Amino acid sequence: MSLINFLDLVGTFVFAISGALAASEKKFDIFGAIFVASVTAVGGGTVRDMILGTTPVFWVMDTNYILVITMAVAFTVLFKETVARLRTTVFLFDTLGLGVFTFIGLEKSLFLDISPAIGIVMGTFTAVLGGVIRDTLCNEVPLIFRDEIYATACIIGGFVFVGLSYLNIDFNIITWTCISTVIAIRLLAIRYHIGLPKI
Amino acid sequence: MSLINFLDLVGTFVFAISGALAASEKKFDIFGAIFVASVTAVGGGTVRDMILGTTPVFWVMDTNYILVITMAVAFTVLFKETVARLRTTVFLFDTLGLGVFTFIGLEKSLFLDISPAIGIVMGTFTAVLGGVIRDTLCNEVPLIFRDEIYATACIIGGFVFVGLSYLNIDFNIITWTCISTVIAIRLLAIRYHIGLPKI
Amino acid sequence: MSLINFLDLVGTFVFAISGALAASEKKFDIFGAIFVASVTAVGGGTVRDMILGTTPVFWVMDTNYILVITMAVAFTVLFKETVARLRTTVFLFDTLGLGVFTFIGLEKSLFLDISPAIGIVMGTFTAVLGGVIRDTLCNEVPLIFRDEIYATACIIGGFVFVGLSYLNIDFNIITWTCISTVIAIRLLAIRYHIGLPKI
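Chains as they are written, first to last, in the working numbering: chain A, 165 to 363; chain B, 165 to 363; chain C, 165 to 363.
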């Protein structure tokens with residue numbers, strides 16, 4: 165398993181925890197928690213694959229995702245207080261997931277010979293759509309439409325990826341620069357409470 | 165038409181009624197009622213087919229579904245009081261639909277040589293996602309995340325299907341044992357108010 | 165670029181404005197506005213393509229759509245007062261978009277040799293589903309389920325399209341009769357406050 169694959173599962177685990185926590189706030193039962201955790205973790209990539217037509221979608225062909233999500237929900241149930249206390253750690257891994265998911269979505273799209281602009285859209289979708297579906301299911305207005313910079317970090321990371329690709333730079337360097345850009349922008353936005361202007 | 169095909173249309177009819185009733189509580193117009201009835205009845209199978217990539221999705225190729233849904237909405241409008249009085253009958257057929265839809269989703273997935281765990285997910289999706297989309301459209305938190313055991317009955321029915329398949333039992337027996345399991349668990353859950361633990 | 169293609173982009177532009185206005189009422193940020201504008205403008209066609217399996221969906225293969233949507237959001241931000249004042253003009257173009265989108269969805273489906281009844285469903289989906297997703301994301305009950313006749317105009321336009329096709333009439337005449345029917349019915353419905361009966 166490559167490092168990116170491993171980080172993908174780490175991101176899935178942490179996104180699933182954020183879904184399980186949202187379900188817990190709404191007093192859902194265990195099934196509801198698994199469902200919301202799943203759409204949070206793999207919803208973005210699922211929509212991406214359905215839009216691109218790369219079906220069956222990724223988690224159908226690799227049961228690791230379902231396994232990791234179930235473990236994340238079990239973890240949240242068993243160690244609820246710990247998870248609450250580890251808020252900062254969860255946030256840091258969530259930000260890592262944001263970067264990795266953006267990269268994976270970009271890579272998958274550009275592999276299909278799609279225009280870079282659409283690739284950036286797909287990277288962003290992969291990273292943020294799960295959270296949008298989670299909030300819609302929980303009957304909330306999606307957080308990322310109002311919060312500190314979130315999707316914008318993915319978009320900028322996408323431009324970095326595309327820009328560096330034109331320069332014929334080593335793919336490993338492109339990968340990690342893209343992921344680091346997303347993470348750095350998100351962390352700075354949270355640290356200094358930077359949001360986009362309201363419309 | 166096989167018995168399963170017939171029961172599939174019966175399930176579609178009853179799921180559509182439940183959608184039309186939800187629309188009626190929200191004071192939607194006739195188009196809104198047809199729309200909500202449709203997503204309730206075929207929404208789960210539609211998402212399943214889009215995830216698996218078996219497109220065009222099933223109801224595009226077989227207009228019986230649209231016909232049955234339209235009839236269900238007309239029936240609900242014309243015999244509103246009867247439908248309200250027949251609450252128990254509607255509930256029983258709804259439970260039948262739950263079992264049949266689970267089986268159909270499972271059969272379709274395993275036919276595609278997908279892992280059994282994902283087949284169980286697809287069977288459950290087929291049976292319950294329509295209700296989730298119905299509630300989301302009606303601006304409600306999905307009922308099945310909080311209610312008596314519902315999706316769990318489908319999941320257990322799925323395990324029964326997969327378990328029996330390994331034993332090389334006659335497919336007819338597998339089919340009806342799977343469907344009966346879903347129905348029995350759901351009926352028992354309602355009768356004794358059994359819910360999953362909250363998270 | 166054919167006239168229909170041009171009107172398609174005009175419809176996309178105006179639908180995107182209606183999405184951006186909805187986002188602005190909810191105090192979303194710029195990213196939220198672009199997202200809601202996008203689903204309003206291309207959400208219907210996206211679901212249509214995913215249901216039919218004509219993937220990658222249309223806007224992945226033609227970046228004009230993303231470009232037009234971004235321009236529409238910029239226009240709404242820069243000329244907010246003008247857009248508010250031009251309410252009638254926006255409404256007229258929105259109605260034009262309704263007709264054109266219905267036609268495009270119909271044409272695409274029937275090209276795939278799908279039954280006319282399903283073609284009418286696809287035409288209607290193309291025209292109205294974007295608005296349904298917009299309202300769901302904004303945590304509102306979809307407007308078109310309660311409002312003056314809207315989807316019904318698309319359905320009737322679809323019947324006109326199908327009926328004329330059987331008569332072997334010139335395709336240009338079919339096209340414009342279909343589009344004009346949708347527009348005329350919608351305008352009459354608004355003018356005389358005609359709604360469907362509630363269920």
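Hints in this document: simulated from the structure, not taken from any laboratory.
Honestly, I wouldn't trust all of these hints.
Copies of the same chain look alike in the list, so a pair counts if it works inside one copy or between any two.
In the DSBU-like style, the derived pairs of lysine-lysine whose C-alpha atoms are separated by at most 30 Å in a straight line are [unchecked claim]: (1) Lys-362 x Lys-190; (2) Lys-244 x Lys-362; (3) Lys-244 x Lys-191; (4) Lys-191 x Lys-272; (5) Lys-190 x Lys-272; (6) Lys-272 x Lys-244; (7) Lys-244 x Lys-190.
All values derive from a computational prediction rather than experimental measurement.
Hints, one by one, checked against the model:
1. Lys-362 x Lys-190: both (28 Å within a copy, 10 Å between copies)
2. Lys-244 x Lys-362: Between copies only: 13 Å across chains, 35 Å inside a chain, cut-off 30 Å.
3. Lys-244 x Lys-191: Classified as within; 14 Å inside a copy, 33 Å across copies.
4. Lys-191 x Lys-272: neither (36 Å within a copy, 33 Å between copies)
5. Lys-190 x Lys-272: For Lys-190 and Lys-272, neither the intra-copy (34 Å) nor the inter-copy (33 Å) Cα distance is at most 30 Å.
6. Lys-272 x Lys-244: neither (35 Å within a copy, 38 Å between copies)
7. Lys-244 x Lys-190: Answer is within; shortest intra-copy Cα gap is 15 Å, inter-copy 33 Å.
In summary, the structure is inconsistent with hints 4, 5, 6 from the numbered list given earlier, while agreeing with the others.
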